[in-house]
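Trainee: The residues making up each chain are set out below.
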Amino acid sequence: MTPLDKTVSGQKVRIVDIAGGEAVRRRLFALGFQPGDMIESGSRGIWGGPVVLRNLRTGVSVAVGRGIARKILVASGHE
Amino acid sequence: MSDPRNPVVLFIGQPNCGKSTLFNAIAGHKVQTANFPGSTVQHSHSRVTIAGRIVDIIDLPGTYSLNPSDPAEKVALSHLFQEKPDVLINVVDASLLGRSLELTLELLEMEVPTVVALNMLDLAERKGISTDPGKLQAALGVPVVPTIAAHGRGIKELVEAALAVLDAPARPPRLRWSRAVEEKIAELADRLPEDLSVVANKRFTAVRMIESGPTFCVDFLREIHPGLRDTLDEIRTKLEAGRGLPAYEVMAAERHHRSMKIFEETSTVRRRARRPWSERLDDVLMHPVLGYVVLFGVFLAFFFVIFKAGAPLEGVFLKPFESARSALGARLGQSLWGYLADGLLQGIGGGIAIVLPYFIPLLVMMALLEDAGYLARAGFLLDTFMHRLGLHGKSVSPFVLGFGCNVPAIAATRILESRRDRILTSLLIPFIPCSARTTIILALVGFYLGPIWALSFYVANLVLIAGLSRVLSLFFPSDSPGLLLEIPALKIPTPKSIAYKVYFQLKAFVRLAWPLLIGGSIVLSALQYFRWDKALNVVLGPLVAGLLGLPRELGVTLVFGFLRKELSLVMMLQALGTSFQDLGRMITREQMIVFTVFVSLFIPCLSTLAMLWKESGRKVALLSAGLSVAVAIALSVLVRMIV
Chain A
39 MTPLDKTVSG QKVRIVDIAG GEAVRRRLFA LGFQPGDMIE SGSRGIWGGP VVLRNLRTGV
99 SVAVGRGIAR KILVASGHE
Chain B
2 MSDPRNPVVL FIGQPNCGKS TLFNAIAGHK VQTANFPGST VQHSHSRVTI AGRIVDIIDL
62 PGTYSLNPSD PAEKVALSHL FQEKPDVLIN VVDASLLGRS LELTLELLEM EVPTVVALNM
122 LDLAERKGIS TDPGKLQAAL GVPVVPTIAA HGRGIKELVE AALAVLDAPA RPPRLRWSRA
182 VEEKIAELAD RLPEDLSVVA NKRFTAVRMI ESGPTFCVDF LREIHPGLRD TLDEIRTKLE
242 AGRGLPAYEV MAAERHHRSM KIFEETSTVR RRARRPWSER LDDVLMHPVL GYVVLFGVFL
302 AFFFVIFKAG APLEGVFLKP FESARSALGA RLGQSLWGYL ADGLLQGIGG GIAIVLPYFI
362 PLLVMMALLE DAGYLARAGF LLDTFMHRLG LHGKSVSPFV LGFGCNVPAI AATRILESRR
422 DRILTSLLIP FIPCSARTTI ILALVGFYLG PIWALSFYVA NLVLIAGLSR VLSLFFPSDS
482 PGLLLEIPAL KIPTPKSIAY KVYFQLKAFV RLAWPLLIGG SIVLSALQYF RWDKALNVVL
542 GPLVAGLLGL PRELGVTLVF GFLRKELSLV MMLQALGTSF QDLGRMITRE QMIVFTVFVS
602 LFIPCLSTLA MLWKESGRKV ALLSAGLSVA VAIALSVLVR MIV
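Chains as they are written, first to last, in our numbering: chain A, 39 to 117; chain B, 2 to 644.
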């Protein structure tokens with residue numbers, strides 16, 4: 039299990055857990071990201087900027103700040 | 002007896018699903034759209050006659066779910082629950098169907114007759130997604146109408162479907178949860194006190210209560226029904242015990258998987274040989290190096306297009322007004338009528354020749370950036386810098402809107418989740434050079450001193466905002482978890498949508514701002530005729546002449562600048578008794594710069610101040626006014642000493 043910010047751009051991973059507080063978890067759920075979802079780790083901003091993640095099932099892309107990205111724990115692809 | 006209340010049709014959907022575009026197509030062109038999550042932050046009402054019947058249609062801000070997390074979403078929910086709609090039109094983005102259906106499933110539980118508009122089919126097609134509307138209709142149990150709002154397709158069918166549902170209201174079927182969850186919902190619904198006023202129905206209320214976060218409403222409910230609190234806690238605990246997850250997560254996960262399942266059963270996703278152009282373009286736009294190059298290029302292009310289009314037009318349009326003024330002056334002389342007619346001409350000419358040449362290109366550029374979806378990319382790119390200023394990337398969109406007009410920009414802060422971010426952003430927005438101030442900067446500094454000066458002015462203004470943000474954020478400790486922003490797919494802006502947007506803003510300018518310009522000019526003429534302006538100028542003398550080193554006559558124009566910023570410029574010519582071409586002889590370059598600095602910053606205009614007051618309260622409005630006066634005086638004096 040690795041935090042999302044340690045993945046490389048283009049890597050396809052599965053969300054295992056979201057270790058953030060309730061507000062962050064709820065917001066990510068509302069945007070359509072939940073544990074179990076396959077995502078693609080995308081572009082990242084320079085200088086500790088945000089990370090883009092794309093849900094491979096729904097096609098939704100969101101940018102999350104590095105602080106949140108550290109709390110999204112992912113594992114390599116297959117279940 | 003007929004029902005005196007008109008049927009209410011309510012549009013609801015997730016942010017950026019094309020809801021406002023669809024609403025506009027039906028209501029006439031009243032709502033602004035953008036390709037940024039959360040562009041509609043206020044609801045809008047419209048009364049329309051469709052097929053001979055009067056219907057009230059309401060557009061709500063987009064909401065991801067029925068558990069709100071920012072004020073724009075709260076607006077959506079309070080209206081959804083209060084308006085008692087007869088029909089819901091749930092707009093879903095076909096290109097993000099799996100996610101969009103989560104809200105649909107929540108809405109269906111209200112058991113209000115619903116029509117689903119399966120929108121943005123063209124975008125879905127580009128992504129290789131094709132959904133069978135018939136299958137979706139069968140899965141949801143409510144009518145599904147395919148639409149492409151941006152091209153006006155499916156609108157007629159959607160209206161017909163909504164009317165059909167109005168005539169024969171059908172309660173959407175109940176989609177059951179898994180047994181364990183369904184039992185808990187039923188148990189809570191049964192145990193709700195009889196005197197509790199429920200929203201929609203008991204089952205829906207029970208679901209909302211189990212899922213709700215720590216909101217005021219639930220706390221209040223718990224206060225007045227202590228028994229209910231225990232019941233709710235007991236049911237939540239049971240749910241949590243079953244899955245080992247907090248109750249709201251049990252519900253969210255189940256809904257998530259159900260909508261994915263419906264999506265996969267009703268749609269096919271073709272693997273594309275090549276990724277769509279929009280994704281490939283995003284590789285550049287969001288690239289760690291190229292992205293910033295493009296961003297900088299966009300900023301420069303934004304500035305130069307407005308200047309290059311505006312400056313020649315300004316020159317061309319000014320001439321006829323100047324000759325009309327001198328002709329008029331020769332005829333009417335120094336009579337009161339002569340003064341008033343001159344004021345009228347100054348006001349009209351100022352609007353046409355000084356404001357519109359810069360205003361229209363600015364509106365077009367803003368509309369292009371918004372509709373293409375570039376603001377979200379800018380938010381992504383600038384997040385890291387915004388962090389260092391005590392904010393984050395989500396504030397970028399309100400800031401950029403501020404370059405058009407500060408008023409909607411302050412309203413747009415409603416998309417920010419934390420109150421602290423909203424206040425800080427709202428305090429900074431009045432320092433952004435809006436179209437009115439851009440006009441002053443370009444028409445005065447750009448026209449006389451050259452575009453490089455104007456550009457430097459712009460850049461210095463941005464540096465000032467950054468510095469202020471830095472300082473202000475020291476007083477407001479950050480409580481925000483950071484950026485969490487949806488990046489919508491890039492779209493090609495349609496000329497129709499750009500034209501509507503520009504038209505909408507121009508209409509507002511012609512209706513509200515221009516009369517103010519004309520009225521202000523006439524009032525100044527009258528003041529000059531009766532020589533009352535002298536009194537005002539004497540009072541303001543120490544500030545205007547003493548501190549700022551400007552001609553004393555400009556005192557009165559600064560007062561009027563509080564109404565509209567451009568007014569100061571238009572009236573400046575009048576106060577100095579000169580034409581635009583001869584301005585250079587009346588005041589020096591240094592004075593032009595000091596004047597521009599002071600007028601740009603000295604106080605938020607009346608409308609901005611009113612909006613600040615409404616959105617964030619009196620304290621913030623007064624703080625903003627005080628802050629800007631202090632900054633304006635300090636900077637003007639500083640500039641005066643340097644140049």
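Worth flagging that the hints you see were computed from the coordinates, not collected in a lab.
Quantities reported herein were computed from a predicted structural model and do not represent experimental measurements.
For every residue, glycine included, the Cβ atom is placed at its ideal position computed from N, Cα and C.
Check each hint, because a few of them may be wrong.
[What the hints assert, rightly or not] Far from chain A, by Cβ distances over 12 Å, these chain B residues were calculated:
| # | residue |
| --- | --- |
| 1 | Q83 |
| 2 | A125 |
| 3 | G142 |
| 4 | L197 |
| 5 | D234 |
| 6 | E265 |
| 7 | L286 |
| 8 | A328 |
| 9 | L486 |
| 10 | V511 |
| 11 | L639 |
[Claimed, not checked] Straight-line C-alpha distance at most 27 Å; calculated DSS-like pairs for lysine-lysine:
| # | chain 1 | residue 1 | chain 2 | residue 2 |
| --- | --- | --- | --- | --- |
| 12 | B | K492 | A | K50 |
| 13 | B | K508 | B | K492 |
| 14 | A | K50 | B | K128 |
Trainee: Run through the hints listed earlier and report the numbers of any the structure violates, in increasing order.
Mentor: 2, 6, 7 and 9
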